[in-house]
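S.K.: The chain contents come next:
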Amino acid sequence: MNNRQPQDFWPPLTAGIGLGLALMGMFLFTGHGLGANGFFTHLTVWLGDAANPVWAEANAYFNPYLAKDHLFNEWISWEIAGVAIGALVGSLTTRRFQWKIERGPRTGVAARLALALGGGVLTGFGAPLARGCTSGLGLSGGATLAVAAFVFLIAFFAAGLLLSALTRRLWQ
Amino acid sequence: MNFPLENSGMLIVLVAGFFFGYFLEVSGLGSPRKLTAQFTLRDWSVFKVMFVAIVVAAAGLWLFDVLGWLRFDALKIQTTFYLAMAIGGALLGTGMAIGGYCPGTSVVGLFTGRLDALVFIIGMLIGTALFAANFDSLQGIYLAAQGPKGQTLAALTGLPIWLILLLLAGLAAAGFRLGAWLETRRGGVISASELAE
Chain A
0 MNNRQPQDFW PPLTAGIGLG LALMGMFLFT GHGLGANGFF THLTVWLGDA ANPVWAEANA
60 YFNPYLAKDH LFNEWISWEI AGVAIGALVG SLTTRRFQWK IERGPRTGVA ARLALALGGG
120 VLTGFGAPLA RGCTSGLGLS GGATLAVAAF VFLIAFFAAG LLLSALTRRL WQ
Chain B
0 MNFPLENSGM LIVLVAGFFF GYFLEVSGLG SPRKLTAQFT LRDWSVFKVM FVAIVVAAAG
60 LWLFDVLGWL RFDALKIQTT FYLAMAIGGA LLGTGMAIGG YCPGTSVVGL FTGRLDALVF
120 IIGMLIGTAL FAANFDSLQG IYLAAQGPKG QTLAALTGLP IWLILLLLAG LAAAGFRLGA
180 WLETRRGGVI SASELAE
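Chains as they are written, first to last, in numbering that gives the first Met the number 0: chain A, 0 to 171; chain B, 0 to 196.
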């Protein structure tokens, strides 16, 4: 029974050093850091263009993206593919992979999925507004000591701390 | 898709992405319960992993610059747009408190079997479409309060980079101490077996 238990997570210090070295490597090879939201922006543009090319073409935010390469030729798509494989390998080799809808003990499935959708909408709106996300702006900008990263991170943690007064019951 | 790719850099990016996803997974940051426990101050993994990674990468890049192997200012350094980045940051903090993920961790969540992450991703696509649809009327916020081009903390404060790095390392160490103190008082860090129950 005991070996059915998942292995526990790494200490944050060890994992943080590993992540920092991966981030540094990315900068050394490409001149920029790791990202995430850029992929979802490209994906939204691609889907928007497929659904309504006239609208996508006329939209001032989408238009510059349409002139770029195909989604699969963007570096961020390859990076996200790597992230997906890394997460799979990490969880499958440690019995941590588990199909589930993760939620707090007092939150129902429907409520959890509605909140996931709502949180996703806010995130999908906020990241292009900030010109980056926790990875692309917070983490990668932080590695170059960009003021922008710390403005973003302070607002991110402040909002999360304030909101958790309301949302903590959803998770605990 | 156009083959040949004529750009083997994609392979490097794939490998870097692999380690990005791997290290997020092994530190438990694919779990929305663990991610949101940062905001209730019960589990400081998000702060610890992010801050250590920032200090390690920044110190490494600085060292390459000192050795003359890299020009720090040749790297992509974002320009600050104070208003848009503060509002956007607050929206992502809110999105994580409610939805449990940020863009990168939602990918890790999905590929560790969490189907709520897929719903979060669908929400993100809707949110980005809404942003694009309202892009014209958001111009005022989007472009307001622009800082100097590619400004770093060193340029902002006039302090040398090594001192900034020391201060950030000190802040990280303080976060580890404060985090450990609060973690024991608020139920302890969330383990992998607790999540599997």
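Please note that a few of the clues may not be correct.
Below are the DSBU-like pairs computed for lysine-lysine, each with C-alpha atoms no more than 30 Å apart in a straight line [unchecked claim]:
hint : chain 1 : residue 1 : chain 2 : residue 2
1    : B       : K75       : A       : K67
2    : B       : K148      : B       : K75
3    : B       : K75       : A       : K99
Just so you know, the hints here were simulated from the structure itself, not pulled from any lab data.
S.K.: State for each hint whether it applies.
M.R.: Going down the list of hints, with the structure as the test:
no., hint, verdict
1, B:K75 <-> A:K67, "19 Å, holds"
2, B:K148 <-> B:K75, "11 Å, holds"
3, B:K75 <-> A:K99, "38 Å, violated"
The structure fails hint 3 only (numbered hints given earlier).
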